[in-house]
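Construct all of the structure, not just a fragment, from the sequences and the given hints.
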Amino acid sequence: MENFENKPSETNGNANPPGEFSEAGTPAPASPPLRLKVVGVGSAATRTVARLCEAKIFAAEFIAVDTSAAELAALERFGVKTVLIGETITGGSGAGMDAMRGAAAAKASEETLRSMLAGTDLLILIASLGRGTGSGASVEVANLAREIGLVSVCFATTPFAWEGAKSTEQASLAIDALHANSNAFILIENNLIAQAVASGGSFSEGFKISDRWIESGVSSCCRMLLNTTGRMRVDLAAFRNLFPAVGTRTLFSVGFGSGGNAQEDALTELFRCPLLKTRTSVAGTAETLAIHIETGVEPQLAFVSETAQRVKNRFGGDLRTLPSYAVNPALGDRLEICVFGAAGIREASRVVRKKPKKEASDAMPGGVLVLNSDDADGNDFDREEPGLGLDDRRGGFADTRSRLFEGKDLDTPTYIRKQINLDKTLAKKKKEFGSLRKS
Amino acid sequence: MSRKQNHQNLIEQMHSKEWRALPQNVVLSGDTKSGKRQRVYEILRKFSVALLVGGIASLLAYVWIDMMSGLSDEEKNPVAVHFENNGGLLDEAWFRAWTEFDENEAPNLHHLRNRLLAHPQIYAARVLRHPDGMLRIDVLERKPIARLEDDDSGVRFVAADGVVFSSDAWAVRQSGLPILRDVRLAIDAKTGFDCVPVMAKLADFIETARTSYRKLFEEWDTISLRDFPSDERDIARPWSLISVVPFAAVQNPGHAKIREYVFSATRFREDLKLLASARANGTWDMVLSAPTRAPAYRVLFITNRKNPMKEFREMRLIPLSAENP
Amino acid sequence: MAQDNILAVIDIGSAETKVLIVDLEPQLQVIGAFCAKTEGMRKGEIVNLGALKESVHSAIRQAEKMAGAARRVRGACLAVSGALVGGFSVTGLTSVKSGCVRAEDKEAARDDAFSACIHRVPENRHIVQHLLRRYLLDRREREEPLGLSGKELTYDLWVIDADDTYLTELYQIPNRYGMAVRGLFPASLASAEAIRTFAQIMDDNRLVIDIGAGTSDFVLFRDGAVVCTGVIPVGGEHITNDMSLGLQISKEDAERLKIKYGNAYAREGDNVFAEIDLDSFDGELKGFSKHVSRYKMELITEVRLRELFTLISKKINVESAFSGTVFLTGGTAQMEGIGKLASSIFGNAEVRIGEPSLSFARAYAEPKYSTVVGLAKLYRDSQAKSAERDVKVGWFRRLFREIF
Chain A
1 MENFENKPSE
11 TNGNANPPGE
21 FSEAGTPAPA
31 SPPLRLKVVG
41 VGSAATRTVA
51 RLCEAKIFAA
61 EFIAVDTSAA
71 ELAALERFGV
81 KTVLIGETIT
91 GGSGAGMDAM
101 RGAAAAKASE
111 ETLRSMLAGT
121 DLLILIASLG
131 RGTGSGASVE
141 VANLAREIGL
151 VSVCFATTPF
161 AWEGAKSTEQ
171 ASLAIDALHA
181 NSNAFILIEN
191 NLIAQAVASG
201 GSFSEGFKIS
211 DRWIESGVSS
221 CCRMLLNTTG
231 RMRVDLAAFR
241 NLFPAVGTRT
251 LFSVGFGSGG
261 NAQEDALTEL
271 FRCPLLKTRT
281 SVAGTAETLA
291 IHIETGVEPQ
301 LAFVSETAQR
311 VKNRFGGDLR
321 TLPSYAVNPA
331 LGDRLEICVF
341 GAAGIREASR
351 VVRKKPKKEA
361 SDAMPGGVLV
371 LNSDDADGND
381 FDREEPGLGL
391 DDRRGGFADT
401 RSRLFEGKDL
411 DTPTYIRKQI
421 NLDKTLAKKK
431 KEFGSLRKS
Chain B
1001 MSRKQNHQNL
1011 IEQMHSKEWR
1021 ALPQNVVLSG
1031 DTKSGKRQRV
1041 YEILRKFSVA
1051 LLVGGIASLL
1061 AYVWIDMMSG
1071 LSDEEKNPVA
1081 VHFENNGGLL
1091 DEAWFRAWTE
1101 FDENEAPNLH
1111 HLRNRLLAHP
1121 QIYAARVLRH
1131 PDGMLRIDVL
1141 ERKPIARLED
1151 DDSGVRFVAA
1161 DGVVFSSDAW
1171 AVRQSGLPIL
1181 RDVRLAIDAK
1191 TGFDCVPVMA
1201 KLADFIETAR
1211 TSYRKLFEEW
1221 DTISLRDFPS
1231 DERDIARPWS
1241 LISVVPFAAV
1251 QNPGHAKIRE
1261 YVFSATRFRE
1271 DLKLLASARA
1281 NGTWDMVLSA
1291 PTRAPAYRVL
1301 FITNRKNPMK
1311 EFREMRLIPL
1321 SAENP
Chain C
2001 MAQDNILAVI
2011 DIGSAETKVL
2021 IVDLEPQLQV
2031 IGAFCAKTEG
2041 MRKGEIVNLG
2051 ALKESVHSAI
2061 RQAEKMAGAA
2071 RRVRGACLAV
2081 SGALVGGFSV
2091 TGLTSVKSGC
2101 VRAEDKEAAR
2111 DDAFSACIHR
2121 VPENRHIVQH
2131 LLRRYLLDRR
2141 EREEPLGLSG
2151 KELTYDLWVI
2161 DADDTYLTEL
2171 YQIPNRYGMA
2181 VRGLFPASLA
2191 SAEAIRTFAQ
2201 IMDDNRLVID
2211 IGAGTSDFVL
2221 FRDGAVVCTG
2231 VIPVGGEHIT
2241 NDMSLGLQIS
2251 KEDAERLKIK
2261 YGNAYAREGD
2271 NVFAEIDLDS
2281 FDGELKGFSK
2291 HVSRYKMELI
2301 TEVRLRELFT
2311 LISKKINVES
2321 AFSGTVFLTG
2331 GTAQMEGIGK
2341 LASSIFGNAE
2351 VRIGEPSLSF
2361 ARAYAEPKYS
2371 TVVGLAKLYR
2381 DSQAKSAERD
2391 VKVGWFRRLF
2401 REIF
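Residue numbers (our numbering), protein chains in the order written: chain A, 1 to 439; chain B, 1001 to 1325; chain C, 2001 to 2404.
Honestly, the hints are just simulated from the structure, not real lab data.
Possibly wrong hints are sitting among the right ones.
To be verified - To give an idea of the interface, some chain B residues facing chain C are shown, with a C-beta separation under 10 Å as derived from the structure:
| # | residue |
| --- | --- |
| 1 | Ser1016 |
| 2 | Leu1022 |
| 3 | Arg1037 |
What the hints assert, rightly or not - Below are the BS3-like pairs computed for lysine-lysine, each with C-alpha atoms no more than 25 Å apart in a straight line:
| # | chain 1 | residue 1 | chain 2 | residue 2 |
| --- | --- | --- | --- | --- |
| 4 | A | Lys208 | A | Lys312 |
| 5 | A | Lys408 | C | Lys2260 |
| 6 | A | Lys81 | A | Lys208 |
| 7 | C | Lys2315 | A | Lys277 |
| 8 | A | Lys418 | A | Lys277 |
| 9 | B | Lys1215 | B | Lys1257 |
| 10 | A | Lys418 | C | Lys2251 |
| 11 | C | Lys2037 | A | Lys418 |
| 12 | A | Lys424 | C | Lys2251 |
| 13 | B | Lys1046 | B | Lys1273 |
| 14 | A | Lys418 | C | Lys2315 |
| 15 | A | Lys312 | C | Lys2314 |
| 16 | C | Lys2260 | C | Lys2037 |
Beta carbons: idealized from backbone N, C-alpha and C, even for Gly.
So this is what it looks like as structure tokens:
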């Protein structure tokens, strides 16, 4: 059943992209304009931010933070605001794969970062982990944001397994720190890209997909908040309440569909998205949920409610669900669904207000002075913990102790570790034998 | 010869490394039929053995007492006494008063010794009779390392092995001793006195703090044992904690910067080291005087396990709001 | 009355606990048996001691009931497995004093090996079993060096050790029931023993792999003697878990799927289009797929089993290339096609699916009983051996032991 009619897409060259306060449409509401900052830390992340800025999809401030002056210079032409940190430490030449240097650089330029973050309502942090700046400085930026009291949504990409153990280790430490300091933390594991890419797809295709995820995530975030064209809009306080505590697990998924069966396709992609299988993602259902649906033309009410209901069936959202939809003529007949959610809020049991936080300068094993008001719950005492915490990739073994057998985690399914894409292999075989059948 | 010995040694070592060397704790359950029978048999056996052993023991005791009382018939001379107490407060006058010593009577050594040991301050006593008639008494006294809160029965002190005693003599010098709170007193199995259970760990803690971390120790006032186990076997549990309240917090609860320190009962050495180094290198002052400081803190020590390959002990300052203790 | 000849032989597996009550005198005989589901053990490790204790105790109770007339069982024999069990080899060296090997030289070499072993085993582990692998005289392998001439005698020892915490927890299970642990053996050796007579050829090269629910134990025999043992913490449950994650179905559905349609090879051809309808299982349907692709399911299984066999093959090829027969046993070994898959990875060796076929346990000839049946046999054999070397215990000590 067609839920919407196919209209020719209207390509407006200089018309206001949806999400901006349109001058021709309804007068903007009386609330002050939302100040959104998209900050990218680390070489790959800054490039992503530059691409987003260039696409000019929505109104937000785009900032690229890096330790390498050369990289930043290359990005200037995209219109991104650049911030060079740690000149005294790195001399403008990059952190060189060392997270400690990246962190030191950020600490040295703390004032610059603070002034950059001041006056923001929502911070979207994009970090590419594994290298120096990304792993080190992004943690500092997240700390600062928390100190100031900003709501932060963090997207982090991890290096491939073949990039080396040091990268993975640094990334892992950075993940823990970022997760503990962001309201919403979305991990994009490069290893899982293989699941979504056609086998034999090129390297850059894989990156395009992860970029696409980040892009949809960021733009959905923004559109949810800046929406004027749709009926249902999410205001900042509601969004903030979606992720009330730091350190909770975040659910994030995107699905695209187009053509006749757009809804089915989009929902299927949404439910099968590899982003649901990362180790910080939610196993099962989320407590709060925000569903953002974007279509090319004004959808029917039944369509929106049915989609939202199915998403809710799958992902939960018992505590709070915020639906929102937007109309983006540039999409044409495509449909984009994006879901945010948080789980584990009840365990966190504390709503984050603006709490000051300070970290000691020595983070080496030994003396660490950490002022954490919400770390003082029972989880900190050394009760017998079952291991590395819930790991969705291990499925049923998530609650058993994880032991590495000669460096491999045997509880994770083999097909994931060998990066075998089941659907693609099946499709390939079907094609192979389909043609044999016919002949 | 030595090769044979080596061989034997080796065999023993191998046996001690084998799975059989691990202790097994066979518990008889009650709800199997065989279990019930086992229990009855056990009881019968124990009873018969006890009877046997008791009979032999009583026989020997009778002989012994007979011997002892036989000796006392001999001498009627007044007995000289030499009392030795290694640097303790109890002296000969006390000894005479406590044991109601009568010089003219023949001393019964066992009676004397038992009477001495019946005093909670006496840790060990040795009563000897010299051939020339002099009685020599050596006594080891318990010294307090902490005190219990004052209640109606006055100030009571706790010794390093846990025994609780009152003493007016020590009461004068009680200021240097930390106060123990939330103590669950138990009866010491060996001596029958009141004691603080699992005192050994606590004594170790207090001693370590007093000798190696004097400056920190001097700030402490009260030690709360509310999370401290009262059973020896629970000491290794991760949540057996020793919480220390500094002087400033007791005197001035509203304005003290640090309300409480919570140490781990098993890993307090690392914690003390952390605290001392934080004080020494200035990070402590930096945090407490930072513009974003909280009105009061509780200091907590936890093991950081975020990175399973690198566990380390961490000190955390938990900010407390003024009215929330 | 005190020295019992009744023993409870317990194999605590990750899925099922099998208990045999055996009578050791005059001949090994099974008088009671029971098989129950295990709670609280995953991948061969204890996750919930309380629940595990309860389930094992109820199994033992049932077995005792079957044994009838409440005979008092005071001893238990257990099997160890899991990632906490390790195996390594140590060698002891001695120089042959008079050019000819004598008993003292053998003993000296053995002592040297023992002392090396004591140093190798860490503080928090205890030895489960140690086996003589072979003697080397001047670096040439000799079955019996006594009387031969040479300069240097090597004693090659294979040691199997286990973590202390694991052992202590394991002991608690029979202990709380009032039984003392009399025997402890690695599960791999037990399973191998049970299917030994099935092989009908004793002196050959054999690789016995017991693929259970939580772990896979393997033993390599060369010319009938143990060369290497090991445990891979992967079992049937991992296959189920993989399927559940890969096909987005619930674990129970995956388990049923595996049992009914499991195949170790991802078959091509028309199978690629085959789909299985989950509705026919009366399972609760969550998620989207009501139909699962058969090819996908088989692919997941094949990938996992291939990895398992490759890991085992890597471990055994440390010594030398393997040529001989492969025996598969255990619940998962009954999967279709697993023999062919194993054969392809072990250099096209002959693969057979083994069952316990010992005379005293004819009623328990299913692969899942191999470990427990083998355990009973191993215990009996070890008793026979130690009876020869038993030191005479003084009468007083025996009296003492009687009373207490």
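Hint check:
The restraint placing Ser1016 (chain B) at the interface with chain C holds, with a minimum CB-CB distance near 9 Å, inside the 10 Å limit. Taken as an interface hint, Leu1022 (chain B) checks out: its beta carbon lies about 6 Å from the nearest beta carbon of chain C, inside 10 Å. Interface restraint check for Arg1037 (chain B): the shortest CB-CB distance to chain C comes to about 7 Å, inside 10 Å, so the restraint holds. Proximity of Lys208 (chain A) to Lys312 (chain A) is assessed by CA-CA distance (about 28 Å); at most 25 Å being required, the pair is judged violated.
Using a Cα cut-off of 25 Å, the hinted pair Lys408 (chain A) and Lys2260 (chain C) is violated, with the two alpha carbons roughly 30 Å apart. Restraint check for Lys81 (chain A) and Lys208 (chain A): satisfied, since their Cα atoms lie roughly 23 Å apart, inside the 25 Å limit. Between Lys2315 (chain C) and Lys277 (chain A) the CA atoms are separated by roughly 31 Å; this puts the pair beyond 25 Å, and the hint is violated. Restraint check for Lys418 (chain A) and Lys277 (chain A): satisfied, since their Cα atoms lie roughly 15 Å apart, inside the 25 Å limit.
Pair hint Lys1215 (chain B) plus Lys1257 (chain B) holds up; C-alpha atoms about 17 Å apart against a cutoff of 25 Å. Between the alpha carbons of Lys418 (chain A) and Lys2251 (chain C) the distance comes to roughly 22 Å, so the proposed pair stays at or under 25 Å and holds. A distance of roughly 33 Å separates the Cα atoms of Lys2037 (chain C) and Lys418 (chain A); the hinted pair therefore is violated under the 25 Å criterion. Taken as a hint, the Lys424 (chain A) and Lys2251 (chain C) pair is honoured in the structure, with Cα atoms around 24 Å apart against an allowance of 25 Å.
Taken as a hint, the Lys1046 (chain B) and Lys1273 (chain B) pair is broken in the structure, with Cα atoms around 51 Å apart against an allowance of 25 Å. Proposed proximity of Lys418 (chain A) and Lys2315 (chain C) is supported: the alpha carbons are some 20 Å apart, at most 25 Å. A threshold of 25 Å between alpha carbons decides the hint, and for Lys312 (chain A) with Lys2314 (chain C) the separation of about 47 Å lies outside it, so the pair is violated. Note on Lys2260 (chain C) and Lys2037 (chain C): the hinted pairing holds, with a Cα-Cα distance of about 20 Å set against a maximum of 25 Å.
When held up to the earlier numbered hints, the structure conflicts with 4, 5, 7, 11, 13, 15 and fits the remainder.
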